[in-house]
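Peer 1: What follows is the residue order along each chain.
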Amino acid sequence: MNKIAYYPGCTLSNTAKNFDLSARESMKALGWELDEMPKWNCCGTVYSLASDNLINHVAPIRLLVRAQEAGHDRLTTLCSMCYHTIKMANHLVRKDPDKLEKINFYMEPDPAYKGKVEIVHVLEMLKKDIGFESIRAKVVKPLNGLKLDCYYGCLLTRPKEAALDDVEQPTVMDDLVKALGAEAVYDPYLTECCGSYHTVMDKDVVADKAGRIIESAKKKGAEAIVTSCPLCFFNLDARQKDIAAKTGRAPGLPILYFTQLMALAFGLGPEVCMFDLHYVDPRPLLKAKNLM
Amino acid sequence: MEPKVNLIPIHIMGKQYMVPDVLTVMKAMEYAGYQLTRGCGCRGGICGACGIAYRLPNSYKIEVGLACQAMVQPDMYLAVLPFYPNKRGVHDVENLGANVDTFKALYPEVFKCVSCNTCTKSCPMSIEVMDYINAAMRGDVRQAAELSFDCVMCGLCTSRCPAEISHANVAILARRLYGSQVVPRAEHLAKQVKQVKTGKFKEGLAKLKSADLTSLKELYKAREAEPDNAPDEWAPKSNDYL
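First to last, the sequence lines map onto chains H and L.
Okay, so the first sequence: first residue is 1 according to our numbering, each after it adds one.
Okay, so the second sequence: first residue is 1 according to our numbering, each after it adds one.
Just to be clear, a hint being listed does not mean it is correct.
[Unchecked claim] In silico PhoX-like links for lysine-lysine, alpha-carbon gap of 20 Å or less: (1) H:Lys17 / L:Lys61; (2) H:Lys147 / H:Lys39; (3) H:Lys39 / L:Lys121; (4) H:Lys178 / H:Lys127; (5) H:Lys3 / H:Lys138; (6) H:Lys141 / H:Lys289; (7) H:Lys28 / H:Lys102; (8) H:Lys219 / H:Lys147; (9) H:Lys3 / H:Lys28; (10) H:Lys39 / L:Lys112; (11) L:Lys121 / H:Lys102; (12) H:Lys3 / H:Lys39; (13) L:Lys209 / L:Lys197; (14) L:Lys61 / H:Lys102; (15) H:Lys116 / H:Lys95.
Everything labelled a hint here was simulated from the structure, so no lab data went into it.
For reference, chain H alone in the conformation it holds in the complex (with noise of 0.2 Å):
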């Protein structure tokens, strides 16, 4: 079995533990365990933009240096949100050596970060560590017949410092999904912002995006969407309710992470997914396609 420092972060460990144990068991079914930091902190939440106040960028390179300390020079994590802050955080101090210095300075007696520790998402795991052969070679339960809307959101692609993927096109999940047994449905929404935090302020705005996200989406003809992002699940799933008290159509397309995909497609069982944690529940569609 292989290893990798794994950092959770804050939403996996609470509203979105479908996404984590999901995550934790396909993982170990394609030869790797997530291996939670022991002790982790909040990741910064939003990569900040003042290129003056460096108190932001304590958080995530506190995490990079705890992995430096416990001997990793990779860390994976899941959630965009957490992804994206470490590594802009891990990228503004690699190319500013005096602000890396400064945030040392500020964070003696521990120890410094040296600016070598790669921060990887899950997907890039897939593809590059384990390879889409490997996990089509896995598949004992073919997502047949499953049509997919591959959702990535702003975080995972840009800015192009911080994307794992092409920045206007990304694929990764396409081909996931596709090596899974479903069939991917081509969607120009791709990387449409979903709303983001305005959900906490403004529901409405989060209705109105998410809302043609979903549109074009059924438009195409998928019949769920995947995506990587807890709040872009938030935004998609939960909000649908507010879409349907807006304009009076509730759209019932259920959301999924691609975690889900790849337990049920590797025979894991419905359990690992946690279903009941969504407010469009998926499991009519997946039971009407003998997924479960």
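Position chain L relative to chain H; hints supplied.
Peer 2: Only chain L this time, still in chain H's reference frame:
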């Protein structure tokens, strides 16, 4: 011959005193003439009443300690922090969930934490304060409770926190949630309490109370005590007092 006392200078709230180098800060303060009515308590390093902050020559570091435990050092420059105001989220623990929402409701300021780690650096008990605050931020009640267990509530972390968090009270909430809702209930305790209430031990206690000193001593000597390193399955032969 008089034992030789080595005097060193220390600075208590800016004023220099010559004190023996073998004293704790608390004893040195008393040696210097302070009569302590606040900022001292158990004198055993456990009550948290005597947090101190100090600096040493040629260092910018803010050092911390407990006055009853920290030894004097030449030219230390110190102040005692007898009390630091804490915010208290009043609650009835029975009506709360052992999850992140409880921390959000009672101590929303924990989410201001930027993981600067200053709290951990200023803990005289070497507690990983920042880590238990982060555990609370994600609703990990078990880790928050376990990491904060040694807290003596001196308030030094709170005095240094840029996010204005009342760490010790967050920790108390975590441990109350953990004790009342996370760890399994001790069923045998409830059973034992019931036995006490139904009077199972009344007779035995009455016998002991009326016994004279000699027979009490005999009873004590003859008592069946659990031996050191007894195996898990050890049980007393007589069940009268269980």
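Peer 1: Against each hint, give a clear statement of whether it holds in the structure.
Peer 2: Now for the hints, and whether the structure bears them out:
| no. | hint | result |
| --- | --- | --- |
| 1 | H:Lys17 / L:Lys61 | violated, 42 Å |
| 2 | H:Lys147 / H:Lys39 | violated, 40 Å |
| 3 | H:Lys39 / L:Lys121 | holds, 16 Å |
| 4 | H:Lys178 / H:Lys127 | holds, 13 Å |
| 5 | H:Lys3 / H:Lys138 | holds, 19 Å |
| 6 | H:Lys141 / H:Lys289 | holds, 11 Å |
| 7 | H:Lys28 / H:Lys102 | violated, 39 Å |
| 8 | H:Lys219 / H:Lys147 | holds, 12 Å |
| 9 | H:Lys3 / H:Lys28 | holds, 9 Å |
| 10 | H:Lys39 / L:Lys112 | holds, 19 Å |
| 11 | L:Lys121 / H:Lys102 | holds, 18 Å |
| 12 | H:Lys3 / H:Lys39 | holds, 17 Å |
| 13 | L:Lys209 / L:Lys197 | holds, 19 Å |
| 14 | L:Lys61 / H:Lys102 | holds, 17 Å |
| 15 | H:Lys116 / H:Lys95 | holds, 12 Å |
The structure is inconsistent with the numbered hints 1, 2 and 7, although it conforms to all the rest.
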